[in-house]
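K.L.:
Given these sequences and hints, build the entire structure.
Protein chains: 4
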Amino acid sequence: MNNTFGTLFAVTTFGESHGAALGVVIDGMPAGVKIDPVFIQNEMDRRRPGQSAVSTARQESDTIEILSGVFEGKTTGTPLAMLLRNADQHSRDYSNIAGVYRPGHADYTFDKKFGFRDYRGGGRSSGRETSARVAAGAVAKLFLKQYGITVRACSEEIAGIKAEKHCWEEVEKNPVRCGDPEKAKEMEQAILDARTACDSVGGKIYAEILGVPPGLGEPVFDKFDALLGHAMFSIGGVKGVEIGAGFAVASSRGSLNNDSITPDGFVSNHAGGILGGISNGDVISFRLAVKPTPSIYLPQKTINTAGESVEMQINGRHDPCLVPRIVPVVEAMAAILTADLLLRARCSKI
Amino acid sequence: MNNTFGTLFAVTTFGESHGAALGVVIDGMPAGVKIDPVFIQNEMDRRRPGQSAVSTARQESDTIEILSGVFEGKTTGTPLAMLLRNADQHSRDYSNIAGVYRPGHADYTFDKKFGFRDYRGGGRSSGRETSARVAAGAVAKLFLKQYGITVRACSEEIAGIKAEKHCWEEVEKNPVRCGDPEKAKEMEQAILDARTACDSVGGKIYAEILGVPPGLGEPVFDKFDALLGHAMFSIGGVKGVEIGAGFAVASSRGSLNNDSITPDGFVSNHAGGILGGISNGDVISFRLAVKPTPSIYLPQKTINTAGESVEMQINGRHDPCLVPRIVPVVEAMAAILTADLLLRARCSKI
Amino acid sequence: MNNTFGTLFAVTTFGESHGAALGVVIDGMPAGVKIDPVFIQNEMDRRRPGQSAVSTARQESDTIEILSGVFEGKTTGTPLAMLLRNADQHSRDYSNIAGVYRPGHADYTFDKKFGFRDYRGGGRSSGRETSARVAAGAVAKLFLKQYGITVRACSEEIAGIKAEKHCWEEVEKNPVRCGDPEKAKEMEQAILDARTACDSVGGKIYAEILGVPPGLGEPVFDKFDALLGHAMFSIGGVKGVEIGAGFAVASSRGSLNNDSITPDGFVSNHAGGILGGISNGDVISFRLAVKPTPSIYLPQKTINTAGESVEMQINGRHDPCLVPRIVPVVEAMAAILTADLLLRARCSKI
Amino acid sequence: MNNTFGTLFAVTTFGESHGAALGVVIDGMPAGVKIDPVFIQNEMDRRRPGQSAVSTARQESDTIEILSGVFEGKTTGTPLAMLLRNADQHSRDYSNIAGVYRPGHADYTFDKKFGFRDYRGGGRSSGRETSARVAAGAVAKLFLKQYGITVRACSEEIAGIKAEKHCWEEVEKNPVRCGDPEKAKEMEQAILDARTACDSVGGKIYAEILGVPPGLGEPVFDKFDALLGHAMFSIGGVKGVEIGAGFAVASSRGSLNNDSITPDGFVSNHAGGILGGISNGDVISFRLAVKPTPSIYLPQKTINTAGESVEMQINGRHDPCLVPRIVPVVEAMAAILTADLLLRARCSKI
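Protein chains in written order, with our numbering: chain B, 1 to 350; chain C, 351 to 700; chain H, 701 to 1050; chain D, 1051 to 1400.
Keep in mind that the hints were calculated from the coordinates and are not lab data. All figures in this text were calculated on a predicted structure; none of them were measured in a lab. Check each hint, because a few of them may be wrong.
Unchecked claim - Once the Cα atoms are required to be at most 27 Å apart in a straight line, the calculated DSS-like pairs of lysine-lysine come out as:
| id | chain 1 | residue 1 | chain 2 | residue 2 |
| --- | --- | --- | --- | --- |
| 1 | C | K699 | H | K1049 |
| 2 | B | K349 | D | K1084 |
| 3 | D | K1399 | B | K349 |
| 4 | D | K1399 | B | K34 |
| 5 | D | K1124 | D | K1235 |
| 6 | B | K349 | D | K1195 |
P.N.:
Okay, here's the thing in structure tokens:
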């Protein structure tokens, strides 16, 4: 199943950036969960294009339709499918990209893998696919809410500008989704400057899962952190993932890095809430690095489908920084994963 | 399947550190691959305990027995099972750890998940489980060899000491598995110093997969990098993973980070050989951060199974640095993953 | 994945009989297969309600919309999703069935499993779900066509009336889908008689898969016949499945039942084209028993949701015999399974 | 995963009839189940060769060794692996079968699938593989016992001789495992006669699962009956499976076939304890047809690996009737399946 994530809470997405629709099927949703369509739509709005000056100008309402699996406001235990029509498919001329491989994109690799590709935008490899994940993530959040589990993420660094704090109540108040209002303004300006320079910038995202009971995650291959790594690297543009103390552990010592345990909990959280692949009841914390958008308006060297050297220039509408719109996707994937592990944990004991 | 990695080349491990045996079943091995038992045993020897002054003193020959799936020197297409008896189970007294949760270990989380645990060492969460992965990885390497694909890894940093080069022919010549002979000596000394100080140190591993044809990996959830993240974070002690340029992308720009394409290949490899989740034919490169061994001989604060505060001191035999012995495990997991994606790619086109 | 069939050609259906829509996602469709929407719609028409006097009067056009996975007439290798709106949801009064368990239906078991149920018709357990399978089966047939593989099924027995021959060109010419025109008329009359009597009748279906190369199916748990059994019993109302000689083998002898092999092929086909779970190149033949429709208009004894004894009478629109409309579903499931095994066989050898 | 059955209680077998060993890994066994090795060995003894005059003369003690997953008498929640060495591999001359395809066996199909085969007996396709299933089934029975669920099976027909009753306490008292002592004697004689005639006979098995709570099984593809069909047809030699009333439904009517419901339960059980794919709390009943052993000592026509017509004669040691030794395998598969569905049902509701 190439397009499914999760085993018991299994999320399958479908759809291309310029096809008829995107959608998602959640198979394994337990019966009896209250579904709030307004909440789901709000989550969609957090990811949708055209939401601010720092994002792409493509206009999509990203209106979600629930097709199945809900009856009288509650999940039925059968597959919950949701649909999202592509409105602004923008019937423009693709001749400048149809025969050319855009650097940093999946054009070349799709051709090698499938023999040909849908050359209208990114097709299946477009970030637009993640809208379906956000819909599923919203449902996962509604499920997790029943157990007091929440997920949150924010921009920690953009274009080299680092947040010095994570005031969570500030995050949704600025277009870059940063918990440090001062730095948020600098980040916003840096993104606009990059756009003016026909270039793009990267950044980092910090995220937390709160309220996870101890015991989630499987000891060997399906460690909570292993699946977090899987989930996060499945988001296009992510090139690095850290759990807890992350890369800093490399130069630490056991006596410093071990989190002492007291009757009141762990004294520190270098582990990021996971020990031996299993949640320990502490906050699960992780961060990820997002590359600068590969779609830039500067001329670039590449080859065409005939293998000849060409210079190309991308036009169209693109985010000069992916970070702000990836924030809700990170939350969605973390919620989906946690929902899955919560169900899997039901089978660990007699 | 909590203990399986891979979909078509599916590796299932079993066994505990102090049980009768460890083992692995590879389901999905194509028929006709030549199996060289000497090569497999050599790979085991690279991971086995007691191999040098910087590793644990536990003595295990780690002799592999092939139980099934091979006939007249070739794989038959049926499950290839391998067994590894635990020899040095060291019947010592576990009373000091049976009722206490070791910091940095899975003791607490196992109890929470399963209701009780095998308190003789790490049980299923022991690094010893990875011996079974190395056996499977050796078989995966023999399979990949048919396609000209190889995997290699080395220590890049230990205790803050950084290698300045990766001379691959040097890696197996020193006990820390570093490609920089000068730095290797410093690393070795740092590990011995940590042991003397009853402490432990962490580090970084760099790895490459060579010869991968373009087209491996699936576009959405099962991106090559997503599965690499999954595979690497499934190794105990890994707290960070980077693909290609890794965290450095956060402060880069699109015009710098995009890898230009020429008729002769990519000009740079910030992508780490993966675009849109699919291999692009370039070297697949990644690195990971390994935490300092949690088993240290200094007294530590923790709680017992009754929830009371206690001070404990670990004895036994442990590696003061996990990095050198994780190197072959990284290779094994990368080889298993690549074998799986190689098979999955057989179904991408008509 | 409760709602998925297949591993490499993985079909997931969603939707309820009285919800907004039904749909299907095929994940694993290789790129490059020509998709003929007219053929798919024709297959839908073979299963749709209201097609003849012997089927239900519910009116549905069952118009299929392809949402993704096809570009310029060919599959792209990404998920192929199809949608089917429910038109005639018939907003009637469900008060007579909402609180009562219909005998022979899944009402009671759904309540026990999920805690409540969508009481408007069968919900997820309705035969209407199979429309999504027929859509997927049509796509599977288009894929199999590339390899010269075809699937066909017909009614072999209805209400005790047995076909004496299977003239395949006759099957679609009569409303009961029987290859024996004389018997077809008797079957048709028997169904109409059952309707008049407010009762229903059962029957048998015979099916064949032609052109399957030797080597499909896996030796142990995923034998071709095991998966055929799985596929056929997954169709509501099926109570028996036979492969090849079927139950007749119980009273046969090895010397009679073994199919001798000659340079020109097998002399007989008691095996039904499968040996050791793997196709042998001969016709794969099987039959199944379908129970009489549980929805009958006679009064029936049952209990209500309070556990009290009640007499109920079903109204609404139902097929007095399920057999004719299950024929295309049998073909669809056989095609989906064969497509899956065809892909799986790509990985059996180096 | 070609060699795995089950999703949450996932059983993977490995090993060939003439290799070093057979084995099984159960992944997903919940922690805390008491394991009784004597019970497991007793189950093995019910299937082992050489147990009576009507079975093969091959001598195997089939001694089970538990390798992992059990600590202090209880399951730990980690993979439970068991091993079974092949003792009597009987180093005889295989030259008469190495280059020839035995009729009714998987020789031809293995060669076509894998390119070559282990010609020493059936290899992976041997009935000997089912010994590993019986071991797993015994563990499943111990798990099910906690919930009051039991499984039983018996020979219902052999060589055309039909049991007229199923006295369950008689089943293990006669070598053919029939619940009708009179008929059992006739069956035994019929098998001995078949052996004398260098031929073999088939039969039917009847089985029940008792104590299954309502709510097990998934509505669409993973119906309880669909998985039963899968499980039963995965046993070599099975050519037909019926659930409840089975093929008799074909000539029944809705008014007769529907099982009326009363406050005390179902009045009849034509459904075989399953409605809409979900257990209804009644006894789950099914039967299967087993073909006559393909290994007979009469000369047979076949082809060699060069495709030439040859006459061959099998020697060696074979059961003249598979039915008695398949009885415990049927129980094992039913127990494994029920254990799996019991776990899956834990996730159907919030």
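K.L.:
Looking back at the hints listed earlier, which ones does the structure fail to meet?
P.N.:
5
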